[in-house]
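Place chain A on chain X using the hints.
For the record, the sequence lines run as chains X and A.
The first sequence begins at 1 in full-length UniProt numbering and counts up one residue at a time.
The second sequence begins at 1 in full-length UniProt numbering and counts up one residue at a time.
If you are wondering where the hints come from, they were derived from the structure by calculation, not from laboratory data.
Treat the hints with care, since some could be wrong.
Unchecked claim - Quick look at which bits of chain X chain A covers, simulated, 3 or more residues with Cβ under 8 Å:
id, stretch
1, 31-41
2, 74-84
3, 294-302
4, 308-315
Think of the CB as a built atom: it goes at the ideal place given N, C-alpha and C, for glycine as much as any other residue.
There are 2 protein chains.
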Amino acid sequence: MTDFSFTLHATDGQARRGTVTTAHGPVETPAFMPVGTAGTVKAMTPEDVAATGAEIVLGNTYHLMLRPGAERVERLGGLHRFMNWPGPILTDSGGFQVMSLADLRKLTEEGVRFRSHIDGSYHTLSPESSMDIQRRLDADITMAFDECTKYPASREEVESSMELSMRWAARSRAAFVARPGYGLFGIVQGGVHQDLRERSVAALTDIGFEGYAVGGLAVGEGQELMFEVLDYTVPLLPTDKPRYLMGVGKPDDIVGAVERGIDMFDCVLPTRSGRTGQIFTARGPINLKNARHADDPRPLEEDCPCPACANYSRAYMHHLVRAGEMLGPMLATRHNVQFYQRLMAGLRGAIAEGRLAAHAAAFRRTYAMGDIAPL
Amino acid sequence: MTDFSFTLHATDGQARRGTVTTAHGPVETPAFMPVGTAGTVKAMTPEDVAATGAEIVLGNTYHLMLRPGAERVERLGGLHRFMNWPGPILTDSGGFQVMSLADLRKLTEEGVRFRSHIDGSYHTLSPESSMDIQRRLDADITMAFDECTKYPASREEVESSMELSMRWAARSRAAFVARPGYGLFGIVQGGVHQDLRERSVAALTDIGFEGYAVGGLAVGEGQELMFEVLDYTVPLLPTDKPRYLMGVGKPDDIVGAVERGIDMFDCVLPTRSGRTGQIFTARGPINLKNARHADDPRPLEEDCPCPACANYSRAYMHHLVRAGEMLGPMLATRHNVQFYQRLMAGLRGAIAEGRLAAHAAAFRRTYAMGDIAPL
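For reference, chain X alone in the conformation it holds in the complex (with noise of 0.2 Å):
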């Protein structure tokens, strides 16, 4: 068996070229993960993932623990056989989830008891139970149990947050079962507080971890800050280690955020923007709903290769978004998807050949420009 481990091949500016190896594979970065919440990258099948180019999901612990189970994931041969997704899959801890999304909530310092929002039932996640969750879904990658800091907060609970999030991450290192292949992520949290997130970070390096990453953002502050908090933490990360964004995000994002140093990335948007009609192009997010598609025989995006635009109009694909048939999320999904995988090749292409910034900046003066009219 492989170690787990990240390469560097290439730095351009603060940005990375590299490849972090895991149990079940490969991943170039930078890398963009598309979600599989509950086990599924949604109206997408693993094979359709793998044509995109992806390299690496991500499940939700959350999810899968209150369904179908991780006893039943791990019975049934851990979550890469269950959902037919050969590659490495990073889980989260469920820390963000049991915050945003389950019932009756109660934090101590032992961890987190909760209420699914599924079924009502009660269960526990503390960085103990989280670590043998992620063992047994089979996840490559294993997230530290950390509390999501709520935004906004005060300075006082930002920083008490993040110190039940360092202790959590000690107690996640200790409860990680060691296997050749597999990582334990520290996530580094301190808000927008410079001195916060570097007391993070040096708690989180005094431990150790596989790979870093960095937490709380993309909550509600906003690009620049954002940002600003890159721009004083990344830094301060080991450089020969893989370094995480969660939940990051838009395209202009991700693409700062290379910029700053960051090799992996995962969010809804491509997914989630899909089943709503909404398409991401080189030339910035359309409404497939709007009327003005209704006739244009173009496909989404002229280059695209992806089977949405080999085979299908925009016609076609509005007809199926305002009919509400289930091909349009399905294509429209794998559209966005494959936009997201050709963004992470081209800005990997850039920094391996030293051309980020012009890149970068050819990037999104395109983006800004917005869609051509059909003819």
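The following block gives chain A in isolation, referenced to the frame of chain X:
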């Protein structure tokens, strides 16, 4: 261009093995046509539909005339191009849906005036407008415009409805624009009355069509009565034209109708059932929502080549359906359409080899056995 034709390869009792040749390719019969109501076989890509072995799909005039509109589909290159289905397409006439879906219908000798169930707009369907719409959609097989007789109905109601449909059949024939490889099918009506069915067949064969459909069945009369109608109706139909039993049906309905000389079928059952977690198997239908599947590592069917059976456990399929994940309907529909196509392939092989009686008996015996519980 090839002419529209029907070639009879073999018979076995009343059953027939043939080929319908159309402008967009051949259809081996007996054939099942997946229903693509609004220009999409719900929850499937056309590539997936073709991969099941389906050679022809059905489109609905009523739905497509209202959204996206027949003129629009025509401008965009016709239904084949619009929905990326290069093979043969049959469109119904709109007669059935206008009676079951539209609001404020007003039926006259001229046709049916109605309000759209989508936006309340007013429309008229007549033999002439139905032919025009189906031509614009570019249907390989156009269905004559008929009145869908309600069931149950008095003999007098059935008789006058049938007579109206026969007058509309003559007007459909007159309005249909002949093109090489395109055909018009007449629809036999007459409810469960032998003499009315006989008069309807006589009226239609006098007019002359490229194929003959049996309409007004599978509307609640039950399998026994349906087979009885087929027993006395089908032998009256020309042997050199295809015979299409509209809206049928359950797998055992299809087997019995093939034994009675029917060549073509359509039904929403495999697709609609797939969306609710009802799965067809050789041992009868199963309900994926049932808790007994929650830990079952077996596929839906051991010997099925579909992606759902090749790649996933019943436990996973159960999870998807319970969790309301779109991949559940996608995979379940894929399997069900595959099941129907395997059913038809089995019937075609059995007729060709003169062993239909034994094949049908074995099918019925196994289908009635019920699903085997997991060990």
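Hint check results:
no., hint, result
1, 31-41, "holds (count 3)"
2, 74-84, "holds (count 6)"
3, 294-302, "holds (count 3)"
4, 308-315, "holds (count 4)"
Violated hints are absent here; each numbered hint is respected by the structure.
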